[in-house]
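Colleague: These are the residues of each chain, in order.
Protein chains: 4
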Amino acid sequence: MAHEQHQQLLETLHDCMAACNHCFDACLKEDDVKMMAECIRLDRECADMCAYLEQAITRNSPFVSQLAKVCAEICQTCGDECQKHADMHDHCKRCAEACHKCAEACRSIA
Amino acid sequence: MAHEQHQQLLETLHDCMAACNHCFDACLKEDDVKMMAECIRLDRECADMCAYLEQAITRNSPFVSQLAKVCAEICQTCGDECQKHADMHDHCKRCAEACHKCAEACRSIA
Amino acid sequence: MAHEQHQQLLETLHDCMAACNHCFDACLKEDDVKMMAECIRLDRECADMCAYLEQAITRNSPFVSQLAKVCAEICQTCGDECQKHADMHDHCKRCAEACHKCAEACRSIA
Amino acid sequence: MAHEQHQQLLETLHDCMAACNHCFDACLKEDDVKMMAECIRLDRECADMCAYLEQAITRNSPFVSQLAKVCAEICQTCGDECQKHADMHDHCKRCAEACHKCAEACRSIA
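Chains as they are written, first to last, in the numbering used here: chain A, 1 to 110; chain B, 1 to 110; chain C, 1 to 110; chain D, 1 to 110.
These are computed hints drawn from the structure, not numbers from a lab. One thing to keep in mind: the hints can contain errors.
[What the hints assert, rightly or not] Among chain B residues calculated to face chain D with C-beta under 7 Å, some are:
| no. | residue |
| --- | --- |
| 1 | Glu45 |
| 2 | Ile57 |
| 3 | Phe63 |
| 4 | Ser65 |
| 5 | Ile74 |
| 6 | Gln76 |
All C-beta atoms, glycine included, are put in the ideal place defined by N, C-alpha and C.
The following block holds chain A by itself, in its conformation from the complex (with noise of 0.2 Å):
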């Protein structure tokens, strides 16, 4: 991996755990908690597994790339999850773009 394309992809990483960590936060102050469990449940999913990428790119990992390969696929559904509230939620629809890009750079790299 090219040294401007991994400063990239963890920036990208690190912009969606953030996204999703908000958006759980968020989640779980909204009226409408129950509509949202799936998202809840999927934030935890996606932010842990970003994160988690992040510390195995740093370290330089072995297993950098069988990684990205789940990552893309939590990072996808989570994405197309919060993408349904995009409309009622300003933080579900900024984790849906959050979440498909990542999804996209890590699908790069798997």
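Starting from the structure of chain A, add chains B, C and D where the hints point.
Modeller: Coordinates of chains B, C and D only, in the frame set by chain A:
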């Protein structure tokens, strides 16, 4: 830390992590998700910290005592929140018991 | 996944995580640290992934199968490396056994 | 915590995590691995704690202050160790700088 105390603590941390994650999953499936929002938030906090401390202990981290102090506080807070729902939800009752037991175990090594 | 298989897998993952972290700590104290460098690197990879999968299973993650596939590969690689040092270091021997057992368990649910 | 301070802290934590993991990887490739053993151990401690705190902050954890206090101590310890090797290894020099900067940032919110 004596070997036996060490093994006991690892088991207690593992049980607490598992109970919190089970409660997290079960709360997200309840009808009254809104009422469980703080429980969901704290279940994640507590599961993550117990898992972190398990790893710190097994890798002989120099910071086990400081981490155990924070873990004790998180376990206590999560256990107190789950206790409020113990009459309604069995997963909360079992989580509260696991958290309070773990808080005590963590305090003993903090 | 049946409940009994689930409990068995959690125990196997926990044992592997603990063995890897113990091996990580012990390798760093050996005289021949240089010879153990790859072991140290893989111990961390394996402990982190097993701990991650433990959490994923207990929170009923939708991605357990995909994560278990990666975990199986990491456990196998770590176990193979530790096996090379099994004659010289008891912690490597025990780690290799725990990793190979865990690799097989993960493959069975991947 | 004001939004700007928050963003600055997340960046500092991320930089410290990345510097520690890069140092971990580089130390394992050095000829004098034995001399770097404590550095390798503390790099992992510090990277893991910074990554943990990044997640805690972004999910609006109620325990950020307590975690930041522990993180500050870990960053300081890791930075002090890396500083000893700063003349010989550029990765240690950069890691020491990132750790000391992060220790200060963590103390300010602890």
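Colleague: Of the hints stated earlier, which fail here?
Modeller: 2, 4, 6
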